[in-house]
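Chains as they are written, first to last, in our numbering: chain A, 1 to 245; chain B, 246 to 554.
By construction, these hints were calculated from the structure, which means they are not laboratory data. All C-beta atoms, glycine included, are put in the ideal place defined by N, C-alpha and C. Wrong hints could be hidden among the right ones.
Stated by the list, open to error - If you anchor each label on the Cβ, the simulated ranges turn out as follows:
| no. | chain 1 | residue 1 | chain 2 | residue 2 | range |
| --- | --- | --- | --- | --- | --- |
| 1 | B | D524 | A | V35 | 47 to 55 Å |
| 2 | A | D20 | B | S539 | 40 to 48 Å |
| 3 | A | P24 | B | E364 | 31 to 39 Å |
| 4 | A | L197 | B | F298 | 30 to 38 Å |
| 5 | A | L197 | B | N490 | 39 to 47 Å |
| 6 | B | Q542 | A | G88 | 37 to 45 Å |
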Amino acid sequence: MNPYTEAVAWLFDPANWAGDGSIPQRLTEHIIYCVITLIIAMIIAIPAGLYIGHTGRGRAIVVPFTGALRALPTLGLVILLALWLGLGLIPPLIALVILAIPPVLAGAYSGVESVDPATKDAAKATGFTPWGVLTRVEVPLALPLIVGGIRSATLQVIATWTVAAYLPLGGLGRFIYDGLPVRNYAEMLGGSILVILLALVVDGLFALTQRFVTPKGVTAGRVHDVRTPTRSTQRKERPWFAPEA
Amino acid sequence: MVRTRGLMAAAGMLALASLALAACSSGNPLDTSTSAAGGSSSGSSVIVGSAAFPENEILAYVYADALNQNGIKATVKPNIGQRDAYIAALKDGSIDLVPEYTGNLLQYFDAKATAQSSEDVYNALKTAVPSGYTVLAKAEAQDADSYNVTKAFSDQYGVKSLDDLKKVTIPLKVAANPEFQTRPYGIPGLKSEYGVTATLVPISDGGGPNTVKALTGGDVQLADIYSTTPSIKSENLVTLSDPKNMILAQNVVPLISEKAATDKVKAVLEKVQAALTTDDLIQMNTKSSVDKESADQVAKDWLKSKSLF
């Protein structure tokens, strides 16, 4: 048997679906870790991102800083934090929240920034308070990008929580760390496949959510254009090398 | 005739150049060993490989320096990687010799081996080594797994050996690498040999700082730390004795390809092996990890202190 068929056999072995350290248990742990991480990252990054996007303030500091945070190697951070704070969920949780903040933040501020200034002016002119502009104009229009940021953070978090099994924690990384030293490659590969499947399923759910949260007015490209065709839209694409008609 | 000689010279130059290139591209860029890339390629020189951890690298330099002091040309290729990687290097002939540990090497060649004690493991290893290779005499020096407790724990429960663990009334947790869950000297052995039930707290740093922190911080009561680790002494830990020889013996042993194992090479290495003790390993590791001395220097100092040659 090659490692791939062995991994599939491992995945379908009933012995791995019950008891302590079973696939459902590790999968549940992994999902719980990821959800906690994302909630904390969103509580920090979304208000900060909306503030930066709405006011334009703090951009020069926050954006390069969180960009630099992205470059921190997560495993090194987990080990270092565990040396300071001891075992438990907190050290890897901090490391993973640091990993998840930059994409969520980027989605939030770029979403708000990308709202057409004319739209904001129109809202102001109609009597919206600044808070009203943010909550009833900017946020709804920015929602696809905000969800996009969370989506990208989620994928990174699902994949990277595996490294935390360096320490005594559950999650799908357990299969990878436990399989390696005893050369149980079926278990390692099986664990990796579970991570990939989880990532794909969750990404699919996000794709649906992103479609769902897109306001009706900005479904650009998907709604049939009912305006009177102008000369420019009628004109066919002309190859760059063709002479002007 | 003149033309042929010129051609041969050109071919020779080309061969040398490609050898030098090959040596450059495959070698570790941080390699500070004194290997002469082109010159050492003659069949008579011995290339000593090492695994990617400091103690093994020091031992590789000890072997190479000892051989050099006795007129046998030897060079070091340090930091090759884990066992799979350097055994492959031994097979393809890019190294001739590597410092090894009896227990782990036996399990590598024979996963079903049951030997535990020093002698049994060494004898089993001699028959398990595939043809074309051989192990020389084992040293007294061991770098084996060891169960450690804090001084406070040892005093409180009167625990000095694994047998004493039965007296402990609180639930026991062991910090160790994940494989401890299934190894005969890990959780299953504690139960079958000593009648002690313990749960594993898996930490994948091989008895490194996170494992030590888990023990000193009170997260676990026991920690598996390699017996030659300086932190055992510096953290004032108590290593539990193993009266039933449950822990797999791990004596230092040179694994060498048969074509490199000339009588002269064997004689030199066996003299080194006879002098090497576990305390020597601890001191070498302290010099390396605490004082940050280079492996080459630590090896030279040890050879000088023993004045073997």
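*Against which earlier hints does the structure fall short, listed by number upward?*
3
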